[in-house]
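> For reference, the chains in residue letters:
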Amino acid sequence: MTDPAPRAAAEHAAAGSSPPEVPRAQGRWTSEIGFPPRDRYHELVESYKASGFEQLSDLTAVDYLTHPGRTLPAGVEPGRFEVVANLLSLSSSRRVRVRVQVPEDDAVVDTLWDLYPGAEAMEREVFDLFGIRFLGHPDLTRILMPEDWEGHPLRKDYGVGRVPVQFKEAPGPR
Amino acid sequence: MSDAPGFPGADDISVRRASRAAVAETSEGAQELATRTTTPPAELRREVGAVLRIPEGGVVDAGDVDVERPTDETMIINMGPQHPSTHGVLRLMLELDGETVLRTKPVIGYLHTGMEKTAEELTYVQGATNVTRMDYLSPLTNELVFSLATEALLGVDIPPRATWIRMLFAELQRVSSHLMWMATNGMDLGSTSMMIYGFREREMVLAFFEKTSGLRMNHDYIRPGGVAADLPDGWEDDVEVICDTVLRRTYEYDELLTGQPIFRERMEGVGNISAQEAIALSVTGPILRSTGVAWDLRRAMPYLEYAQLDFDIIVGTYGDNFDRYAIRLNEIRESIKLVRQIVERMPPGDYRVQDRKVTPPPRARIDESMEALIHHFKIFTEGFRVPEGEVYVAIESPRGEIGCYLVSDGTSKPYRLHIRGPSFVNLQAVPTLMRGGLIADAVAVISSVDPVMGEVDR
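Same order as they appear, the protein sequences are chains A and B. By numbering that gives the first Met the number 0, the letter at position 95 of the first sequence is numbered 94, and the numbering carries on one by one without gaps. By numbering that gives the first Met the number 0, the letter at position 145 of the second sequence is numbered 144, and the numbering carries on one by one without gaps.
Chain A on its own, in the form it takes in the complex (with noise of 0.2 Å):
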């Protein structure tokens, strides 16, 4: 099995992945990241799959309100929220991670849903705790709050212990 690691990192410098600077964990747990600029977000995590990324580990994201100074590689504009896709090679038993910037006034990301349809759950998620909308997804509604839930519970403008519960005749908030 040829690794596909170098042949990946000539092709990620054209699609904006940039060996990173940031504060990252040492040791085992390291791995590579790329940070795409949104329009070649797809177009990277589609050459990765590619290059023998054959699954979508987990896809999750990140609402850096509160933390607008962190570190990261030149030229990476900072966003309000992160999109951030694992995806893990089982032939060459590697990870990478894809970090995107969302923007606030415009929090829409393409879908990862066509190249892994394990996406699907996972996409809906952060659709339903950030409100980040994926272009493409085959079905994006909430999956984990009721239906008429107002907000997205994982922003970080969105208030905690404070809410009351939605069963009837329940105490006022304190």
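What you were told as hints is all true, and nothing was included just to trick you.
Computed list of lysine-lysine pairs in DSSO-like fashion (alpha-carbon distance at most 27 Å, straight line):
1. Lys356(B) with Lys116(B)
2. Lys377(B) with Lys356(B)
3. Lys412(B) with Lys377(B)
4. Lys412(B) with Lys155(A)
5. Lys412(B) with Lys356(B)
6. Lys155(A) with Lys116(B)
Here are some, though not all, of the chain B residues that point toward chain A, as calculated from beta-carbon distances under 8 Å:
7. Ser26
8. Ala29
9. Pro39
10. Glu42
11. Lys116
12. Ala151
13. Leu280
14. Trp294
15. Ala299
16. Val406
17. Asp456
Derived coverage of chain A by chain B (criterion: at least 3 residues anywhere in the stretch with Cβ under 8 Å from a Cβ of chain B; other residues may be distant):
18. 45-58
19. 69-83
20. 88-94
21. 110-117
22. 128-140
23. 143-156
By construction, these hints were calculated from the structure, which means they are not laboratory data. The model shown is predicted, which means the values in this text are computed figures rather than measured ones. Every residue, glycine too, gets a C-beta built ideally from N, C-alpha and C.
Given the coordinates of chain A, assemble chain B onto it according to the supplied hints.
Just chain B now, kept in the frame of chain A:
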């Protein structure tokens, strides 16, 4: 809803209004399974399985999908969330043609308590008590992945004894979780004696956990920096008794279930999935291994000290329910093999890192040292600070890959904690496993996925 003649109160307008209001309150709207005519084409193609042909290099043939199928031929029924065999509060909506399942859609979220949001309000010291409640059938695995992620950001190396204690508990946890699965799977298929036996053996393991950590479940035993307490005196004997008894009893399960014609009839060839489909749907754990893919993070990307141990990865061939049963049964035996090796090689030494910034000082030191008192106070009020950074740590839980994506902004609370729950992702395989099968096998299929709803909904 038609008014049944003679039904008391059926004409009472207030009763009818109340029942209509109840229906509206429990509706999940677009999250539910819709009829073919009202479902968008892309979504319908996914539900009937056409989309999965993309990874195999083909193109979606829209003609394959019978969008125009008359709705009076099929029926959409609801199953759960209150159903004894849905392992908690899983709700499935099934489209049936007679007894054949055409489409399935899991509706989840009934156990959502916002644990990832809660984690942002808790320090790293308190964090393990939160994550341990996610997958409540293997709480130690949750604690382990959280601790490993925290330690990766902290950059601390934990003592060897702590690592080996963690492995011991992770493997015993796998035994207890699989025993629980054997029990509930037996119950779902009508073998109630298996349920009694499975719970009986699991209780032995839990008794050992209680002896060590003080609790049967939700231990908060594996913490950032090591484990909460050293192993109790005579632990080798306790573990030896567990290994001997459980191993002997797995052969009794063989007699009870493995060779039993009715059991095999209900398991073989039911709930099939191919390796390609499983990989595309991000499925891991026994479901992926049942398709013949020998993927186990303990072997493929070793963590702790698994690289030093000798064990086999159990794989299936057909990707059906029986393969998943056989894998879990044999993984109990493999885990016992691992536990025996760990007992033999358990090193002496500290069970937690002696770094006062991470680990509170021993109780006795507090009385005599001002420094110790300050450290103790700081760790339990403010917590320790974790350097800025982000990490994704993934380990093999009994259900598959459990991942922890942890972001720190340099304070003593996680900026973001995301747990990649194997059950959450594996549930995506349910529509594929169910497709074309019989409604009578639905419960067996849910059972073979082994979802833990606490982890699915978090």
